[in-house]
Every structure is written in structure tokens, then in C-alpha cells.
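2 protein chains.
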Amino acid sequence: SSVASKTLLKVGDVLRETRVFSSEDIKAYAEVSHDWNPLHFDPESARKAGFENRLVHGMLVSSMFPRIISAHFPGAVYVSQSLHFRSPVYIGDEILGLVQAIALRETKNKYIVKFSTKCFKNHNELVVIDGEATAILPNLDMLQKSPSE
Amino acid sequence: SSVASKTLLKVGDVLRETRVFSSEDIKAYAEVSHDWNPLHFDPESARKAGFENRLVHGMLVSSMFPRIISAHFPGAVYVSQSLHFRSPVYIGDEILGLVQAIALRETKNKYIVKFSTKCFKNHNELVVIDGEATAILPNLDMLQKSPSE
Numbered sequence: 004s005s006v007a008s009k010t011l012l013k014v015g016d017v018l019r020e021t022r023v024f025s026s027e028d029i030k031a032y033a034e035v036s037h038d039w040n041p042l043h044f045d046p047e048s049a050r051k052a053g054f055e056n057r058l059v060h061g062m063l064v065s066s067m068f069p070r071i072i073s074a075h076f077p078g079a080v081y082v083s084q085s086l087h088f089r090s091p092v093y094i095g096d097e098i099l100g101l102v103q104a105i106a107l108r109e110t111k112n113k114y115i116v117k118f119s120t121k122c123f124k125n126h127n128e129l130v131v132i133d134g135e136a137t138a139i140l141p142n143l144d145m146l147q148k149s150p151s152e
Numbered sequence: 004s005s006v007a008s009k010t011l012l013k014v015g016d017v018l019r020e021t022r023v024f025s026s027e028d029i030k031a032y033a034e035v036s037h038d039w040n041p042l043h044f045d046p047e048s049a050r051k052a053g054f055e056n057r058l059v060h061g062m063l064v065s066s067m068f069p070r071i072i073s074a075h076f077p078g079a080v081y082v083s084q085s086l087h088f089r090s091p092v093y094i095g096d097e098i099l100g101l102v103q104a105i106a107l108r109e110t111k112n113k114y115i116v117k118f119s120t121k122c123f124k125n126h127n128e129l130v131v132i133d134g135e136a137t138a139i140l141p142n143l144d145m146l147q148k149s150p151s152e
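In the order they appear, the protein sequences are chains A and B.
The opening residue of the first sequence carries number 4 in my numbering; numbering runs sequentially from there.
The opening residue of the second sequence carries number 4 in my numbering; numbering runs sequentially from there.
Keep in mind that a hint or two might mislead.
Intra- or inter-copy, both count: the list cannot distinguish identical chains.
Stated by the list, open to error - Listed below are the simulated DSS-like cross-link pairs for lysine-lysine, each with C-alpha atoms no more than 27 Å apart in a straight line:
no.: 1; residue 1: K111; residue 2: K30
no.: 2; residue 1: K13; residue 2: K51
no.: 3; residue 1: K13; residue 2: K30
no.: 4; residue 1: K117; residue 2: K9
Honestly, the hints are just simulated from the structure, not real lab data.
The structure displayed is predicted, hence computed values, not measured ones.
Extracted from the complex, chain A is given alone in its bound form (with noise of 0.2 Å):
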């Protein structure tokens, strides 16, 4: 199994994670945020708004985030994100999540972290989404490997 050997976070990190989204996958995130948009399930509609196929919804490829962070800080508070919707994800597009530590200040024994958040496709040329992030870490002991799944 995974051996998890503790670095500290620093300035300039960077934390990555690649994804690949199914039609389950909006599927059942549709079921759980209610958003039924027909982008997300009527090629025809998503062909009209001019893209090429049904997308992923935006919010559900922009969960990477905090699972990156969460993943390697775990208790891992989120205070802000903003999110550019920059271009389309489809299912079946390879993903790579770039999480990287730009600011980190310590307060009242926490720290404070700004990441800039990124995602990309077609071997990382096309950004889709980008914006920054702000956590609170209990600490930063980053887990190397994820312990969960």
C-alpha cells in the first residue's frame, strides 16, 4: 500500500492530479446538485450553444481543487475560490489538476494558503479552468500519496 512520508508545504509547490470524466460521472453529480442543464446531456443542445459535444459540468471538473488540497491536507478549510471557465471539458478528455502554494502566512498556529488552481487538457497545452484558491491548514505536513481513494 501507499507509504505516506511527510514533507512541509512551501512556497512554489506544486500538487497535481489527473482525472477523466464519464457520463456517469455528470450523471450522478446532476443528481446530487439538481443541475439538469441539457448542455450536460443533449449533444443537439450543446452542438447549438456551439461546442462539439455534451460537457462536464463546470463545477464538477472545478472539484478537483479541493480534493487536491484536501487530499494532501486533510481537515484542509476553505475560505475562497474563483473559477474562469475557460473551455470545454468533454467525457472521456484526460484532465490535469495543478494546485500550486503562491502565498502562505502563518496565524494562531494555522496557515493561511493562497494556490493558484488550474486545470488542463490535450497533454496540458489548453487551460480549462483557472482561478485561486484560499485554505486554512492545520498544518503543513503534506501527505505524499493520498490516503484516500
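Following the hints, put chain B in place on chain A, whose structure we already have.
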């Protein structure tokens, strides 16, 4: 069944929806997002971080915004969303989502609309999430009753 009457969206109009999140919602969201942060599952870990109990994922509560926009404007394309997580949301809290059009312009027979997006709890006294969203609407026909569940 609900009668969908149409009015045209104008600046100042407010779209609203309420929702109560359950522990099943938290589990379903974690399964599709892979976000298993203990704050959402382990009351002890949440209390250690200063909360009363385990939290609903901020991104799950935030999903009310694109849900509300697309329920009234099927085919809406989400362009951006900023999110500030101001207060925790717990299982059983009744959350009111308010999405207000604050700017609107037409371009190439589509409509770019900026919305202020807020979620409240405790009978609308406490802001839990606030931010702004921008979406491209195919038209301004506002379905009064959301067509989907």
C-alpha cells in the same frame, strides 16, 4: 403540473431556491468528487477545526448557483464564478440561494449576464456563501417554474 409562463429577465430580478442538505448528499458528492476531507465525515475532526459538527462541502452548497441559473435558463453557459465561504453549512440547515441579475448586455444575439450569487441560512440572516457569476444565456425567457426536478 407546473405551468411555465415566460417573462424576460431584467437587471434587478432575483431567482431563488431553498434546499436542505442531508448526509446522503454529502456521501454522494464525495463519491463523485473524490473529496473525502474528514471535515465532512468526522464530527471530531470538524470540532477540532472549530466547527460545531461535520460540514457540507462548500462546492456542493455552491452548486445551487449554476443549478438555479440553468433551471430558469436551460442552455446557459457558465463563464465564471467567485466564491467566498463565509460560514459553515451543516446537515439539516435550510439554505436559501439568491441569484440576482446585476448587469446584462447583448452580443451576437446572446446575453452576457452578471449575477450576484448568495446563500443564506438561519432565516436569511446569515450569509454562508457569496460571490458573483457570469453566464451566457441563449435568450432572456425566464421559465418561472423550473422544468426539471
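Structure-based check of all given hints:
1. Proximity of K111 and K30 under a CA criterion of 27 Å is satisfied in neither setting, with 42 Å inside one chain copy and 32 Å between copies.
2. Taking CA atoms no more than 27 Å apart as the test, K13 paired with K51 passes between copies only; the shortest distance there is 24 Å, against 46 Å inside one copy.
3. For a Cα distance limit of 27 Å, the shortest separation of K13 from K30 qualifies neither inside one copy, at 38 Å, nor across copies, at 32 Å.
4. In the homo-oligomer, the alpha carbons of K117 and K9 lie at most 27 Å apart inside one protomer (20 Å), although the nearest pairing across protomers, at 43 Å, exceeds that limit.
Hint check: violations occur at hints 1 and 3; the rest are consistent with the structure.
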